[in-house]
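There are 2 protein chains.
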Amino acid sequence: MKIGVFDSGFGGLTVLRALLQRVPAEYVYLGDTARLPYGAKSRETVARYAVSSAKFLVDEQGTEFLVIACNTASALALEEIRDAVGVPVLGVVETGANAAEASSKTRDVMVIATAATVESHAYAAACAERRLRAIEKACPLLVPLLEEGWIEHPVTAEVVRIYMAELMEQARAAGLNADTLVLGCTHYPLLRAQIEKAVPERLRVIDSAEVTAEQVAQRLRIPESGAGATARFFATDSVTKFRALGSRFLGQEIDGVKLVDLERRGTGSR
Amino acid sequence: MKIGVFDSGFGGLTVLRALLQRVPAEYVYLGDTARLPYGAKSRETVARYAVSSAKFLVDEQGTEFLVIACNTASALALEEIRDAVGVPVLGVVETGANAAEASSKTRDVMVIATAATVESHAYAAACAERRLRAIEKACPLLVPLLEEGWIEHPVTAEVVRIYMAELMEQARAAGLNADTLVLGCTHYPLLRAQIEKAVPERLRVIDSAEVTAEQVAQRLRIPESGAGATARFFATDSVTKFRALGSRFLGQEIDGVKLVDLERRGTGSR
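Protein chains in written order, with this note's numbering: chain A, 1 to 270; chain B, 1 to 270.
No wet-lab data here; the hints were simulated from the structure.
From a predicted model like this one, the values you see are computed outputs, not experimental measurements.
One or more of the hints may lead you astray.
Copies of one chain are not kept apart here, so a pair can be met inside one copy or by any two copies together.
[Claimed, not checked] Quick list of in silico lysine to aspartate or glutamate cross-link-like pairs, EDC-like style, CA-CA up to 20 Å:
hint : residue 1 : residue 2
1    : LYS41     : GLU263
2    : LYS241    : GLU119
3    : LYS241    : GLU214
4    : LYS41     : ASP237
5    : LYS55     : ASP108
6    : LYS258    : GLU26
7    : LYS41     : GLU60
8    : LYS55     : GLU26
9    : LYS137    : GLU26
10   : LYS258    : GLU129
11   : LYS41     : ASP179
12   : LYS241    : GLU166
13   : LYS2      : GLU166
14   : LYS258    : GLU148
15   : LYS55     : GLU101
16   : LYS2      : GLU64
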């Protein structure tokens, strides 16, 4: 089984990391690093970029199942991607909302994400479809802190503490009795321990990387934990930078990243 | 006198703020907010964007002098801009390096900037031309902290303290006897007090906004402090966001921002 995993950058590697541990397959990961960040771009542009990336993974790499490990692309372009490729597609907003539905007894949930994801209200919409009440909070400093490499760092712990206190206050003001917190950004699993320390114990923290791997396993009816999974990597910008930054997210060294130019293939833009 | 001030976003408003206090003129400010950030983009793309922005300010708005209040555009595209418009052009890398030359007695200087500016080594090159030794340090968390609105904030003070300690260590390791620190990002003047608190007193801090205003005054031979300066504003993305974020950098309310679409004019790109 060949599975494609797509993100605009590195965050999707936390999803791949969970997949490698759970679902045995030949993975092909594409990070569209030349065109990141997707977050601030229009729906049309994000769709054009994401579709060209998805087509590369399916048409050129022969993957038979596609995981959209990018919150912005999942929020803005999932239908366009489904229309463009002939294989099953699963996006992280969907899998996060599914897991929130399964977890929440009070039907009230909280989501933290980047500013762009929060502004799209994709999680709130996906939660509403599942009859969950949701509040969303943007945590714009967390990705820059992770990119600076400040993971186990007192400044990061303090920023997480401030954001979580604001989130609890926002939930209180909205009258929510939330029992579930969705990490709505693929970078955040690296901060899971610090986030759990900063919220009340009754809150169940949903890591979209983990639940995505679980839902891929369910879809493919693969019961046991994965062994023998392999991965190959493509990036659209500097492979050196991809290796250096990416290994932090994957939790292991990355070798053999190949550069791919999606713009010159006529499937991209410019 | 009509003076154009250009930046990819909001940071250039600190330069405009200094200009408004120093040089009486009719200012036209353009923030190319639809295409920011410039930092991660190629030299060709930055030049195309910056030239179309400069042409708008000169050809359509009739400005007679141009200030490039954007470090990336100054670093990567100053010659292209000069070739494209028929008016004098001054860029912030130039003005910062000029001020460092005037300030430094030891001929050793330090520059802090965004990762993109540091990677371009534009300040190091401009300093070398002036026979100054320079070390450059990227401070990638400062812009996100300012955009979060955490200006007078303990987390920001701590991040500044850590970066400045790293900078001092870097200077020591390089054997530099620096007496001057250039703020090589137009966002940083908002953090000047915190930066000065975190470095030894002997270091003179050069605020590129202030020194740019001073050098514009010299070029235009305007000796006295400005009174009667006015400003109009254009942005290529949401004017609401421009007003909200921009007033922080300008230090006063911004009204009457006009939206301009540079891409549809055939001078820009997609």
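To see whether the hints hold, each was checked on the structure:
{"no.": "1", "hint": "LYS41 - GLU263", "in the structure": "both (17 Å within a copy, 14 Å between copies)"}
{"no.": "2", "hint": "LYS241 - GLU119", "in the structure": "between (29 Å within a copy, 13 Å between copies)"}
{"no.": "3", "hint": "LYS241 - GLU214", "in the structure": "neither (29 Å within a copy, 39 Å between copies)"}
{"no.": "4", "hint": "LYS41 - ASP237", "in the structure": "both (18 Å within a copy, 11 Å between copies)"}
{"no.": "5", "hint": "LYS55 - ASP108", "in the structure": "neither (37 Å within a copy, 52 Å between copies)"}
{"no.": "6", "hint": "LYS258 - GLU26", "in the structure": "within (16 Å within a copy, 52 Å between copies)"}
{"no.": "7", "hint": "LYS41 - GLU60", "in the structure": "neither (26 Å within a copy, 27 Å between copies)"}
{"no.": "8", "hint": "LYS55 - GLU26", "in the structure": "within (17 Å within a copy, 51 Å between copies)"}
{"no.": "9", "hint": "LYS137 - GLU26", "in the structure": "neither (35 Å within a copy, 41 Å between copies)"}
{"no.": "10", "hint": "LYS258 - GLU129", "in the structure": "neither (39 Å within a copy, 38 Å between copies)"}
{"no.": "11", "hint": "LYS41 - ASP179", "in the structure": "neither (33 Å within a copy, 42 Å between copies)"}
{"no.": "12", "hint": "LYS241 - GLU166", "in the structure": "neither (34 Å within a copy, 22 Å between copies)"}
{"no.": "13", "hint": "LYS2 - GLU166", "in the structure": "neither (42 Å within a copy, 45 Å between copies)"}
{"no.": "14", "hint": "LYS258 - GLU148", "in the structure": "neither (24 Å within a copy, 36 Å between copies)"}
{"no.": "15", "hint": "LYS55 - GLU101", "in the structure": "neither (31 Å within a copy, 53 Å between copies)"}
{"no.": "16", "hint": "LYS2 - GLU64", "in the structure": "within (6 Å within a copy, 60 Å between copies)"}
Hint compliance for this structure: hints 3, 5, 7, 9, 10, 11, 12, 13, 14 and 15 are not met, and every other hint is.
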